[in-house]
Each structure stands twice: as C-alpha cells, then as structure tokens.
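Using the sequences and the accompanying hints, generate a full structural model.
Residue numbers (the working numbering): 37 to 464.
The reader is advised that the hints may include incorrect statements.
To be verified - Straight-line distance between alpha carbons at most 30 Å, and here's what the computed DSBU-like set of lysine-lysine pairs gives:
1. LYS200 to LYS147
2. LYS272 to LYS147
3. LYS200 to LYS272
Derived by calculation from the structure, the hints in this document are not laboratory data.
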Amino acid sequence: MKSTLSSAEARRIALAAQGFGKPRASSAGTRQLNLAIARMGTLQIDSVNVFARSHYLPLFSRIGSYDTAALDRLLFARKPAYVEYWAHVAAFVPAADWALFRFRMEDLRAKYGSAPGGWFETHRDVVDWVRSELADRGPLRPAQIEHDAKKGARGPWWDWDVVKHALEHLWLFGEVAIAGRRGFERRYALASDVIPAEALAAEIPRTDAVRELVRRAARAHGVGTAADLADYWRIKDRKAVLSAIADLTDAGELQPVTVEGWMSAGRPASAWVHRDAALPRRVDATSILTPFDPVVWFRDRAERLFDFDYRIEIYVPAPKRRFGYYSLPVLVGDDLVGRVDLKADRASSTLLVQSAWWEHGRPADAAARVAEELRTAARWQGLESISVSRWGDATADLADVLPEARRHEAGPAEPVPLAPGAPASVDG
Numbered sequence: 037m038k039s040t041l042s043s044a045e046a047r048r049i050a051l052a053a054q055g056f057g058k059p060r061a062s063s064a065g066t067r068q069l070n071l072a073i074a075r076m077g078t079l080q081i082d083s084v085n086v087f088a089r090s091h092y093l094p095l096f097s098r099i100g101s102y103d104t105a106a107l108d109r110l111l112f113a114r115k116p117a118y119v120e121y122w123a124h125v126a127a128f129v130p131a132a133d134w135a136l137f138r139f140r141m142e143d144l145r146a147k148y149g150s151a152p153g154g155w156f157e158t159h160r161d162v163v164d165w166v167r168s169e170l171a172d173r174g175p176l177r178p179a180q181i182e183h184d185a186k187k188g189a190r191g192p193w194w195d196w197d198v199v200k201h202a203l204e205h206l207w208l209f210g211e212v213a214i215a216g217r218r219g220f221e222r223r224y225a226l227a228s229d230v231i232p233a234e235a236l237a238a239e240i241p242r243t244d245a246v247r248e249l250v251r252r253a254a255r256a257h258g259v260g261t262a263a264d265l266a267d268y269w270r271i272k273d274r275k276a277v278l279s280a281i282a283d284l285t286d287a288g289e290l291q292p293v294t295v296e297g298w299m300s301a302g303r304p305a306s307a308w309v310h311r312d313a314a315l316p317r318r319v320d321a322t323s324i325l326t327p328f329d330p331v332v333w334f335r336d337r338a339e340r341l342f343d344f345d346y347r348i349e350i351y352v353p354a355p356k357r358r359f360g361y362y363s364l365p366v367l368v369g370d371d372l373v374g375r376v377d378l379k380a381d382r383a384s385s386t387l388l389v390q391s392a393w394w395e396h397g398r399p400a401d402a403a404a405r406v407a408e409e410l411r412t413a414a415r416w417q418g419l420e421s422i423s424v425s426r427w428g429d430a431t432a433d434l435a436d437v438l439p440e441a442r443r444h445e446a447g448p449a450e451p452v453p454l455a456p457g458a459p460a461s462v463d464g
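Below is the structure:
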C-alpha cells in the first residue's frame, strides 16, 4: 500500500472495506447476510422506524433486497449466532465475541454497580428479585416481570421503571443477555441461557481485548485515524488504543499512511491502513445509508472522508430542520452526493420521499441512479408506490426520473410522525 493516499483513494479503501467495492449479488440469502455482518463486525440498533429498522438498513445498503425474516432468524434464534451488547452503543455482535467485551462489563459494573448510594446499591432488593425471576422462569420481557410484581403486591416501587433499570444494569454488567425480542421489546435472560458456554467462560485480558477490537476496527474501516479506530467500538481509553495501534504496526498488520486533506491541529493527521485493505481503481455503488451505518456513524470521519456535514434532526424542532426528520445519506459512486428523508406509509403502501437534497460533486446520472434505488427500496419494503415531496433541491430532479411517482407537500414546519407503534425516542 502507498504511504500517501489522496482523499479519493482513502474513500475507495474505506468503502471497499465496508463491502461497497463489488456489485450486489443477484440474490441475497443467509450466506450474504453473514458475510456482510462479518465485514462490519457489528450492527447498531436503533428504535426509530420511519422507513425501516436501522439494523436492517446496512445490509440492504450492501447486498440489496433480502428477506428480513432471514436476518431475524439469525439474530433472534433460541441460541443465536449474534447477540446484543454495548459494543458500538447497543449493537448486535457475534455471540462468540461476548468475552471481548468483558473489560467493558467490568468497567460498567465498577461505575454503576458499586457506587455508594447509587441506583444499583439502593435497589438491591429489586435486582435480586429480578435475577431470581430469570433463573426460575427463563427469558422474560420487562412487562412480564412488572406484571407479576404488582400481582404479588410487592409495593408501589415495583414498577416497570425499576424492573427495566435492574435488567439494563445486569445486561451492561454481563450477567444478563438479550434472548430475542417481541416486536421491539427485549426479552432478557441470564447470560448462561443465551451465550455459548465457551464464550461465557473465556477470559480475555483487557490489553488483548482492546488490541483485537482495534484490529477489527482497522479491518472494517480499511484506513483510519486513532479516533476512527477508537470510535468503532467506543473505546475511550486513548492510551490503550494508541498502544494497540503500535503493537499492530510492529506486527505488520497496520501501516502508517498520510491522507491528503486529513488534518489535526493544523498538521497532517496520523492514519493507518490495514494490511488486507484493498484500493480498487473505482467504486461504483448506489446505496441509501442509515445514520447508524459504520460509513457515517462517526460524524468527524464522514466529514473527513466525504466532506459531508451530517447531523440527525429528529430532536430538532420541525421549523428549524434543514434536511428533514430522519434524512439518510445517499452514496453514488464513491461519494456521498445527497440525502433523502424517507417514510414508509404502510396505510397507503407508499414510500414517501419527504425531502431530498444534493451535495457537491454529484455525477450527471445521480438522479436516475437514486431513483432506481428508491424503487428497489420500495419493493424491498413491500410498498406499491412512491410519492416525492417538493421540499429540497433534489426533489424536482427525482420526480423527473420517477414518472410513476406522485407528488405531495412536505416542509420543515411539518413534523414527520413515527410509524405506528414506534417509540418517540432513540434507544436500543
């Protein structure tokens, strides 16, 4: 690999590492799902469900239309191949990787589980009872535990909030694991009922775990700064990350590189490329990304790679939104060329393009390519039609190449409601 990369070369390396370097397969099944997840290493979870659940979208972005029920079977089987943990915030990771996060479980227990006067210490009775319920009854939803607590007249403090808090603490500490979901509500179980025995018993020293996670981040990113590699797994110990980078560099797994235009404190930023990273001559993808895709989830990196200033506006008051409630980055070629705010209107079986905007440098055929991706997205979600709003400088272009689409009015002062049953806040 070259010691100096142009910004375009860095983009192509990063996109190829994430699975955008080759055309999509004509059909996508379990094998393609597993391969795509293996490239990313994790799937971030988010509860907002305007177009589709966020963990479904990275796979659609990479492999195209697939049966989401096939992914559900991978994620929510009785002994699943993947399990939820606080990896890159709440995310799915291979169940076999449980021990890699043991150091985080220990840190979270030290922070929240032993503080004098802290929630966990002052609610030991709740925690012990919840733990015993899971041991006696197996996987349970919070509502099931809360219902039985009320039925047993255990006191007014035995409400959903304290039960949920107890479960979440035990999950963060690694005592409890997620045994699937009902709708989007988690089912909690003792970790021994979900995690493979070998993974549960494994002990990985902190230094080794951080090094392995940094290695995986470097492979998933292709090229990145120390901040990029730390953010992939939200590792806050900068010294530990730099030490891991040094070890991996000494071992020949990472190579220092300079990327043109990547600056830090007025100087060229230190960056590294993974030894297995590919530098394709071109990347010719067309994809719609979730805000929680590894390509864009670290906003500083998205700005460095694509000159793409990205903020989610779900918490911005409607009149102050620039691009829409939940705008999704649009990848064409090897660059982010726009953003679209999509909503699946199930009642009318319509994909609503609530807003659409162009970024700099879009190719001449960008509108036609994005239009075809919108058609694919609509079919994937089982929607029969598309309607394009009049808000955004890309909407007229898209309407021109979507002659079958209707038009509707939408604007920044018009809040976009969540799909029926979806919570109003983002949580895993």
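**OP:** Check each numbered hint from earlier against the structure, then list the numbers of those it violates in ascending order.
**Re:** Checked against the structure, no hint fails, so every one of them is satisfied.
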